[in-house]
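Could you build the full structure based on these sequences and the hints that come with them?
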Amino acid sequence: MTTKQGLTIAVPVVLVVAVVAQALPSSEGATYSKVLEPGALLANALLALWVSLMYRGALRSAFLFLSGFFLLYGLVNIDSLVEQAAEALDGSFLRALLAYQIVTYALLLIACAYILKVVSVKRLTRRGRLITRGGGLLALGIVLFFLPVFSDFLGFDALPNEFAVLNLLVRIFDVTVMVLLIPVVWLYIQNARAKYQESATFTVVAVGIIASLVLVYVAELLTWEPIAEIADGSFVVNRENHAGTYLDTLYIFGYLLIGVGLFLHRKHQEWSFKKVESLLK
Amino acid sequence: MPYDKQDVEKAVDEVWAGALDKIMKGGAPATSRQSLGDDIDLLVPQSAIAPMMNNNPGFASVLYSSAYASAKRNAYIVIRRLGMPADFFWKFDYWSQERAFDTLKKVVARVFNALMVKQKEGVLDLALVDVEKGRFELTFADSAECAMLKADDPICFFHAGLFAGILGALLDRELDSYEVKCAAQGADTCRFKLGRREDRDIIIGREAWFQQLSLDLDIVRRAEDSLEKRQTRQLGNTVDISYYKMLLSSVFLPNLTLLEDTWLETAEAYGKGLASLLQKRFSGDVPSIFAAFYSQLKHLEVTMLARGDHYEAAIREAPEVAGPLARLTLIAVLQGEMKGLLSGLTGKRYSCESSQQGDAMLLRFAPQV
Chain D
1 MTTKQGLTIA VPVVLVVAVV AQALPSSEGA TYSKVLEPGA LLANALLALW
51 VSLMYRGALR SAFLFLSGFF LLYGLVNIDS LVEQAAEALD GSFLRALLAY
101 QIVTYALLLI ACAYILKVVS VKRLTRRGRL ITRGGGLLAL GIVLFFLPVF
151 SDFLGFDALP NEFAVLNLLV RIFDVTVMVL LIPVVWLYIQ NARAKYQESA
201 TFTVVAVGII ASLVLVYVAE LLTWEPIAEI ADGSFVVNRE NHAGTYLDTL
251 YIFGYLLIGV GLFLHRKHQE WSFKKVESLL K
Chain W
282 MPYDKQDVEK AVDEVWAGAL DKIMKGGAPA TSRQSLGDDI DLLVPQSAIA
332 PMMNNNPGFA SVLYSSAYAS AKRNAYIVIR RLGMPADFFW KFDYWSQERA
382 FDTLKKVVAR VFNALMVKQK EGVLDLALVD VEKGRFELTF ADSAECAMLK
432 ADDPICFFHA GLFAGILGAL LDRELDSYEV KCAAQGADTC RFKLGRREDR
482 DIIIGREAWF QQLSLDLDIV RRAEDSLEKR QTRQLGNTVD ISYYKMLLSS
532 VFLPNLTLLE DTWLETAEAY GKGLASLLQK RFSGDVPSIF AAFYSQLKHL
582 EVTMLARGDH YEAAIREAPE VAGPLARLTL IAVLQGEMKG LLSGLTGKRY
632 SCESSQQGDA MLLRFAPQV
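Here the protein sequences line up with chains D and W, keeping their order.
Mapped onto the numbering used here, the consecutive letters of the first sequence carry residue numbers 1 to 281.
Mapped onto the numbering used here, the consecutive letters of the second sequence carry residue numbers 282 to 650.
Hints are computed from structural coordinates only; laboratory data are not their basis.
We put the CB at the ideal spot given by N, CA and C, even for glycine.
Check the hints yourself; a few may be wrong.
[As the list claims (entries may be wrong)] A few chain D residues facing chain W, derived, Cβ under 7 Å: (1) LEU59; (2) LYS117; (3) SER199; (4) VAL276; (5) LEU279; (6) LEU280.
[Stated by the list, open to error] Calculated pairs, SDA-like style, for lysine to any residue (alpha carbon to alpha carbon, straight line, at most 25 Å): (7) D:LYS275 - W:PHE373; (8) D:LYS117 - D:LYS195; (9) W:LYS386 - D:GLU270.
[Claimed, not checked] Covered by chain D, per the in silico footprint, the following chain W stretches (three or more residues, Cβ under 8 Å): (10) 297-306; (11) 350-364; (12) 382-396; (13) 562-573.
So, in structure tokens, the structure goes:
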């Protein structure tokens, strides 16, 4: 098995597994998503930890912080755990959740900073810089699209202001990470024909992170329908998480893609060397 | 005669590809010499280098940089031909110490050591990796470059360049190296330190190595060892012909314009120096001494005819004019050596003309007035 073969097999499998969430009847789809999403994230935490052992310095730190991010993000995706926390914390739950999300995203942003330290962003060509700026515009669009919803959330008495702030912050963090990781993906494309290439598997991880964070917003922009909004004086969730909708399909696809990327990144050398061995007498 | 750079590169690449074929499954069989086979006495490659180094210490630098360029270009081709992906050594600077050492050691052992052992060039091993400083140490046992030679300083310039080129090609960086211990000095194995070209310790080590160079390698005594079949290497007293071809194609072909005259002169002096040794060792007339000497070294087949005081030598299976090198004949060294040998044996100076006749290279020696 080579990494290329691994990717060729794994990506369609991931796609099928992700689509199943939507294809199943709604209650089964919901259960499927409730198990698979945190499961994939927690598995990613372990995989990132495993990968971090391959490196030292900034790259080890990057994978360690990624691992921490996946762990916290995975835990907050366990519905029963969140319900218990909500019960226990009662009125201060949203504030606690806000703090939790900030810590979670801080881990991801620190990981991205380490990644950018390692990846030679200065080697980006003019086109690469343009693409990154394009990503910046998309990020701006995603945030701007939310601003009217944000202001509705703030003015809606039934919801505390922390809820609105949490939603805005998550969105800003998500698109920031996307903008930070676009150069990583573009550098791979830019050097795809070079003698010494960027890591394909690491790029898959970056693509997975971007996909899991922003695909839902892209869908939101494309359908021009907010994920949640205040309509006719009440809070309406247009696409609910863990309900077996296409939202879950996108999340599952992103999370599993990250897992595949991390696993293949760890196995890349072993498999590649086996191929070399097989060609030698 | 200057050669086209592309032709030279092609010849060098073909020599490397031929060597790789020998360790690859289903590799195209390298063109062997039909009667002499693939082995050649170690003395042959050594006698191409040692007299040049005695003559001009600056040759060490040519040897080093040519080997580096050849290895940097071809080690990359080797690993790609073996299917190693272009991101195999991605972000090597950030690898854990253990992973860097284990992986590099495996690649060196399985690919480059296999290639060198097959060529009976030596036994290569990675001894140390310091990822943080970007430094490496390699050991090279039974080095074909210095085996049975004696020197006060390390003398494996070809391999120092070769190893820096190989690791540089693997890791996509410019490396330099110097030899810290050499079997020619009496060490068990040769040991090389490698590091980034801008690494101060490497610069100092390398400069010191090149600057203090003053060699007086006794190649005639070394020839006596070969003729007496005194064995000191575990790999034996022969090397695969592809090592000699690699040396010729990497070092001499790209620098032929620069080296040809000196090469001819030093080869002639070496040939002259050999004469008395060969007269003691072999009996018979000049043609039979020639035939016996070159046949014992498995260097080439020579059929020599004496026409008065003129001599005509038909040479077959000479590595200098076979395989990828055939288009780019390297007969200067043969002409020089044979002229010198002939002068030493007959007491006359000779001029030499060469021509191709069928599968043989004809060398015509006429006494100089």
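Practice problem: Run the structure past the numbered hints and jot down the numbers of the failing ones, going up. | Solution: 2, 13
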